[in-house]
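Residue strings, one per chain:
6 protein chains.
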Amino acid sequence: MSKLTHFNEEGRAKMVEVGHKLNTQREATCKGSITMKPETLRRIIEHDIYKGDVLAVAQVAGIMAAKRTSELIPMCHNLFLSGADVQFHIDRENSRIEVLASVKTTGKTGVEMEALTAVSVTALTIYDMCKAIDKEMTITDICLLRKSGGKSGDYVRPGTEEDEIPLV
Amino acid sequence: MSKLTHFNEEGRAKMVEVGHKLNTQREATCKGSITMKPETLRRIIEHDIYKGDVLAVAQVAGIMAAKRTSELIPMCHNLFLSGADVQFHIDRENSRIEVLASVKTTGKTGVEMEALTAVSVTALTIYDMCKAIDKEMTITDICLLRKSGGKSGDYVRPGTEEDEIPLV
Amino acid sequence: MSKLTHFNEEGRAKMVEVGHKLNTQREATCKGSITMKPETLRRIIEHDIYKGDVLAVAQVAGIMAAKRTSELIPMCHNLFLSGADVQFHIDRENSRIEVLASVKTTGKTGVEMEALTAVSVTALTIYDMCKAIDKEMTITDICLLRKSGGKSGDYVRPGTEEDEIPLV
Amino acid sequence: MSKLTHFNEEGRAKMVEVGHKLNTQREATCKGSITMKPETLRRIIEHDIYKGDVLAVAQVAGIMAAKRTSELIPMCHNLFLSGADVQFHIDRENSRIEVLASVKTTGKTGVEMEALTAVSVTALTIYDMCKAIDKEMTITDICLLRKSGGKSGDYVRPGTEEDEIPLV
Amino acid sequence: MSKLTHFNEEGRAKMVEVGHKLNTQREATCKGSITMKPETLRRIIEHDIYKGDVLAVAQVAGIMAAKRTSELIPMCHNLFLSGADVQFHIDRENSRIEVLASVKTTGKTGVEMEALTAVSVTALTIYDMCKAIDKEMTITDICLLRKSGGKSGDYVRPGTEEDEIPLV
Amino acid sequence: MSKLTHFNEEGRAKMVEVGHKLNTQREATCKGSITMKPETLRRIIEHDIYKGDVLAVAQVAGIMAAKRTSELIPMCHNLFLSGADVQFHIDRENSRIEVLASVKTTGKTGVEMEALTAVSVTALTIYDMCKAIDKEMTITDICLLRKSGGKSGDYVRPGTEEDEIPLV
Chain L
1 MSKLTHFNEE GRAKMVEVGH KLNTQREATC KGSITMKPET LRRIIEHDIY KGDVLAVAQV
61 AGIMAAKRTS ELIPMCHNLF LSGADVQFHI DRENSRIEVL ASVKTTGKTG VEMEALTAVS
121 VTALTIYDMC KAIDKEMTIT DICLLRKSGG KSGDYVRPGT EEDEIPLV
Chain B
1 MSKLTHFNEE GRAKMVEVGH KLNTQREATC KGSITMKPET LRRIIEHDIY KGDVLAVAQV
61 AGIMAAKRTS ELIPMCHNLF LSGADVQFHI DRENSRIEVL ASVKTTGKTG VEMEALTAVS
121 VTALTIYDMC KAIDKEMTIT DICLLRKSGG KSGDYVRPGT EEDEIPLV
Chain P
1 MSKLTHFNEE GRAKMVEVGH KLNTQREATC KGSITMKPET LRRIIEHDIY KGDVLAVAQV
61 AGIMAAKRTS ELIPMCHNLF LSGADVQFHI DRENSRIEVL ASVKTTGKTG VEMEALTAVS
121 VTALTIYDMC KAIDKEMTIT DICLLRKSGG KSGDYVRPGT EEDEIPLV
Chain Y
1 MSKLTHFNEE GRAKMVEVGH KLNTQREATC KGSITMKPET LRRIIEHDIY KGDVLAVAQV
61 AGIMAAKRTS ELIPMCHNLF LSGADVQFHI DRENSRIEVL ASVKTTGKTG VEMEALTAVS
121 VTALTIYDMC KAIDKEMTIT DICLLRKSGG KSGDYVRPGT EEDEIPLV
Chain E
1 MSKLTHFNEE GRAKMVEVGH KLNTQREATC KGSITMKPET LRRIIEHDIY KGDVLAVAQV
61 AGIMAAKRTS ELIPMCHNLF LSGADVQFHI DRENSRIEVL ASVKTTGKTG VEMEALTAVS
121 VTALTIYDMC KAIDKEMTIT DICLLRKSGG KSGDYVRPGT EEDEIPLV
Chain V
1 MSKLTHFNEE GRAKMVEVGH KLNTQREATC KGSITMKPET LRRIIEHDIY KGDVLAVAQV
61 AGIMAAKRTS ELIPMCHNLF LSGADVQFHI DRENSRIEVL ASVKTTGKTG VEMEALTAVS
121 VTALTIYDMC KAIDKEMTIT DICLLRKSGG KSGDYVRPGT EEDEIPLV
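Chains as they are written, first to last, in the UniProt record's numbering: chain L, 1 to 168; chain B, 1 to 168; chain P, 1 to 168; chain Y, 1 to 168; chain E, 1 to 168; chain V, 1 to 168.
For the record, the hints were derived by calculation from the structure and aren't laboratory data.
Careful: at least some of the hints might be erroneous.
Copies of the same chain are indistinguishable here, so a pair counts whether it falls within one copy or spans any two.
Unchecked claim - With a Cα cut of at most 25 Å, we get these calculated SDA-like pairs of lysine to any residue:
#1 K131 - D141
#2 K37 - R68
#3 K37 - H89
#4 K151 - L22
#5 K21 - K131
#6 K131 - G159
#7 K151 - E17
#8 K37 - F80
#9 K37 - L22
#10 K14 - E39
#11 K37 - I90
#12 K14 - E46
#13 K135 - G150
#14 K108 - V18
#15 K14 - K108
#16 K131 - Y155
#17 K21 - G159
#18 K37 - H47
#19 K21 - G153
#20 K21 - G150
#21 K108 - S95
#22 K151 - A132
#23 K135 - N23
#24 K108 - K151
#25 K131 - R42
#26 K37 - D134
#27 K151 - T138
#28 K21 - T106
#29 K37 - T140
#30 K14 - K151
Turn these sequences into a full structure, and let the hints guide you.
Dropping the structure here:
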């Protein structure tokens, strides 16, 4: 075989090697919101949506999606999740639902992508089940609140009071 | 962020945290049956089915499904399976095929769901390949025969002689 | 290329060609049961299970599985499902839950495999969420109740009163 | 079989029947943004990220996710996509990247969920590939811009000039 | 929203729009080979491999992979397959197994990718099941033999006698 | 339960038990080639293909496929990949592109199937994106170059100079 010429050194995607990293307990908590019309929010709370109990379905979708994150995100490592949870905070004042997801693992990589994916798919499912009555819904402010474990140490999002981040 | 109000404390689904559990060798053996017309059973045994060798295909389907259990069962942890096997017992007297599946892992959770899923998908595949000639087939008696490993200890289904459970 | 010798004519599996079949409206309704201890049934009904509202999660799992049937069953055609529903019948007398699934399509093949898969995965999910308190649960009597559409005509399971099959 | 009692009429999720709907050409265009530090944006544009050319990878991830939308969103119909595209708009002023996705089908249901999923997974992939240098990135303003086809008619997001929506 | 600047016009991947194409009957037949030691070939034929009947398993794997082609190939359209078959030709003289796959659809795009994927995964499965005894196996000569249907018309690989292409 | 009669002892497929094996660092490097017309190769290099930057997309596809190997290959164990890379070598003289894939894990089984799958799907993606202009492309010479780790020890393909195998 002739000598290898890297085709495109700078543009090359790879799944970064993490074999040397330690298996440590890791956790990530993320949040996001979906804003909607007050009438839509009311009907979700009162279970008055044609397709069923919106939040029960969305929660299941978010947890299932967390487990499949590495299938969706190309350079994301597949890993064993030791736990996952999705919770909701109804924010009537701003006519929106906040989605919180927390994921844990004992492994070599962090789980922020799994938690972000759980938040995203939970919000997308809420959108799907209400889109017949509200096409202006907007999914917004998806971000990492806190992560722990791993060499880079713990992280709390600046401007966030840690005791306000739920222990999901 | 405002204080979190759990939307629905009692109705909330979560993937239970197992990070504190030990990685131990675990095994589960499950069984199930599919009953059919004697003529259907005869044709399966004699490889006289249009779609091919029914049991060979069903066995592959069952083992592949075991590996994807956590994609199907929402709150089931994904895990590494160290081995999986599916076997058949032809029960001419009762005109049925018994499906036995055994799955092993070294991990933090049991593998009974993987073994039950293997049994179910194996039986469904038998159904699929014979449905053109027998629509009354019934899948029945899917249950756990034995499990070992983990904190809750070993289990043998009451009324089952352990030496009658195959070492698959 | 040398002349082809079919390696194993009789034992060969294939996905049967259906290109010549008509796209017709097709429907299938299937059922199955999961038996359990009366105490387990009581706790499911009262939403008193650690992992959450069992039937809400199981229902979502069953519908999602129906859409992935062709990934699980090797020789099953992939197709567009126009609708799917899963319902429960609490049978306190026999301490079991009956699962009913109905699936519809406009296509070239029937949807009994999709409905049977929905029933199976719904029941497996119930098992998963209750297995910590009841290892003897048994999934049983999974069968086709009714199908319509396609060249082979309508089918109602012998011994079944059609008006007792729910219009799910 | 005893008479069916719907376990939970109001809380029941189902995949709504669409068999009676017409197969029409349908299209949806959605957008979303990911905000980041100016330094992160600069490095993405200059392909100076360890994991590779960020946007090339994210675009592929978004298109692949669009095809798997019905696996992620529980009550979303699976369907044939006739085309899908993802584009980027670099917004240096606000230090963010806008993601635009357009999906088309000839079918019985709309494709806004596919386009929203493409936007979400594209943005999540950008996050994944840059998270080592910027943990404060936020995915925001994911919404439907325009849809066409189907009985409910065309839709343009209020406040949006239609000629500003790209023909992706 | 500000005017869209295509980030990278020439480097942009998309799933090409095929909505205007006709739904026609399409078919593709592909082949490939896996070469091995004569001893390996002998043991496959005699079913003397530890992991089981190699070709029966490989055939199922190939057909299942054909159905999932659009999940693997980023810009490949998902579509309904009306039929799929995989066959083997034992070539003792050259100590190899030829894999032939044929896939059919009624749709807007061709199915050569599905047939090529079926050949590839069938060969990979043969490799997997024999790798303990033969690490030098080589998968080779995967190509399109014939396709029909669609606007571009029929195709037969140059140098191939059409009557030598099997009607799988 | 009556005594089990193994239906088909010699023809039985199983996922071989590896629970007793050690978790060691394992690596595999594989290669393969896709031959094409000189004009096709020129257009790939110059990014002059309608569907986009061919090699960037193919590389992502190959890495994503590596993570899903155990879904495609029936008796292949699922495992955690600690790293994966795909590289290209443009061979103008022979008018072909060589694909090299390297996969690493810390686990109980080798990763040659993951690397072979990455090579195969990368090459299939190149085919897909160029098939409109070149139907004679052929995927060829897919084989294992080197593996390390595990009880069976290190392996270098006979006839290969180890220093010519790239450290991907």
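Here is what the structure says about each hint:
1. Proximity of K131 to D141 under the C-alpha cut-off of 25 Å is found in both arrangements, the shortest distances being 20 Å within a copy and 16 Å between copies.
2. In the homo-oligomer, the alpha carbons of K37 and R68 never lie at most 25 Å apart, since the shortest distance is 31 Å inside one protomer and 28 Å across protomers.
3. Taking the shortest Cα distances, K37 and H89 sit within 25 Å of each other inside one copy (16 Å), while across copies they are farther apart (28 Å).
4. Proximity of K151 to L22 under the C-alpha cut-off of 25 Å is found in both arrangements, the shortest distances being 8 Å within a copy and 23 Å between copies.
5. Taking the shortest Cα distances, K21 and K131 sit within 25 Å of each other only across copies (17 Å), while inside one copy they are farther apart (44 Å).
6. Taking the closest pair of Cα atoms, K131 and G159 come within 25 Å of each other only across two copies (19 Å); inside a single copy the shortest separation is 33 Å, beyond that limit.
7. Both within a single protomer and between protomers do K151 and E17 lie at most 25 Å apart by alpha-carbon distance, with minima of 15 Å and 22 Å respectively.
8. Taking CA atoms no more than 25 Å apart as the test, K37 paired with F80 passes in neither setting, with 38 Å inside one copy and 31 Å between copies.
9. Taking the shortest alpha-carbon separations for K37 and L22, neither the intra-copy value of 47 Å nor the inter-copy value of 29 Å comes in at or below 25 Å.
10. Taking the closest pair of Cα atoms, K14 and E39 come within 25 Å of each other only across two copies (22 Å); inside a single copy the shortest separation is 46 Å, beyond that limit.
11. With identical chains, the CA atoms of K37 and I90 are at most 25 Å apart within one copy only, with a shortest distance of 13 Å there and 30 Å across copies.
12. When the C-alpha separation of K14 and E46 is checked against a cutoff of 25 Å, the pair qualifies only between copies, where the shortest distance is 18 Å, while the shortest distance within a copy is 47 Å.
13. Proximity of K135 and G150 under a CA criterion of 25 Å is satisfied inter-copy only: 15 Å between copies versus 41 Å inside one chain copy.
14. Proximity of K108 to V18 under the C-alpha cut-off of 25 Å is found in both arrangements, the shortest distances being 7 Å within a copy and 17 Å between copies.
15. Taking the closest pair of Cα atoms, K14 and K108 come within 25 Å of each other both inside a single copy (17 Å) and across two copies (23 Å).
16. Only between protomers do K131 and Y155 lie at most 25 Å apart by alpha-carbon distance; the minimum there is 12 Å, versus 36 Å within a single protomer.
17. Within a single copy, K21 and G159 get their C-alpha atoms no closer than 30 Å, and across copies no closer than 35 Å, so neither meets the 25 Å cut-off.
18. In this homomeric assembly, K37 and H47 come within 25 Å of each other (Cα to Cα) only inside a single copy, at 15 Å, whereas the closest approach across copies is 31 Å.
19. For the identical chains of this complex, K21 and G153 are neighbours both inside a copy (13 Å) and across copies (23 Å), given an alpha-carbon limit of 25 Å.
20. Taking the shortest alpha-carbon separations for K21 and G150, both the intra-copy value of 8 Å and the inter-copy value of 20 Å come in at or below 25 Å.
21. For the identical chains of this complex, K108 and S95 are neighbours neither inside a copy (39 Å) nor across copies (31 Å), given an alpha-carbon limit of 25 Å.
22. For the identical chains of this complex, K151 and A132 are inter-copy neighbours only, at 12 Å across copies versus 46 Å inside a copy, given an alpha-carbon limit of 25 Å.
23. For the homomeric pair K135 and N23, the shortest alpha-carbon distance between copies (21 Å) is at most 25 Å, but the shortest distance inside one copy (44 Å) is not.
24. Within a single copy, K108 and K151 get their C-alpha atoms as close as 10 Å, and across copies as close as 24 Å, so both meet the 25 Å cut-off.
25. In this assembly of identical chains, the alpha carbons of K131 and R42 lie at most 25 Å apart only when taken from the same copy (14 Å versus 36 Å across copies).
26. Taking the closest pair of Cα atoms, K37 and D134 come within 25 Å of each other only inside a single copy of the chain (7 Å); across copies the shortest separation is 33 Å, beyond that limit.
27. Taking the shortest Cα distances, K151 and T138 sit within 25 Å of each other only across copies (23 Å), while inside one copy they are farther apart (36 Å).
28. For the identical chains of this complex, K21 and T106 are neighbours both inside a copy (12 Å) and across copies (11 Å), given an alpha-carbon limit of 25 Å.
29. Within a single copy, K37 and T140 get their C-alpha atoms as close as 15 Å, and across copies as close as 18 Å, so both meet the 25 Å cut-off.
30. For a Cα distance limit of 25 Å, the shortest separation of K14 from K151 inside one copy, 21 Å, qualifies, whereas the shortest one across copies, 28 Å, does not.
Checked against the numbered hints given earlier, this structure breaks hints 2, 8, 9, 17, 21; the rest are met.
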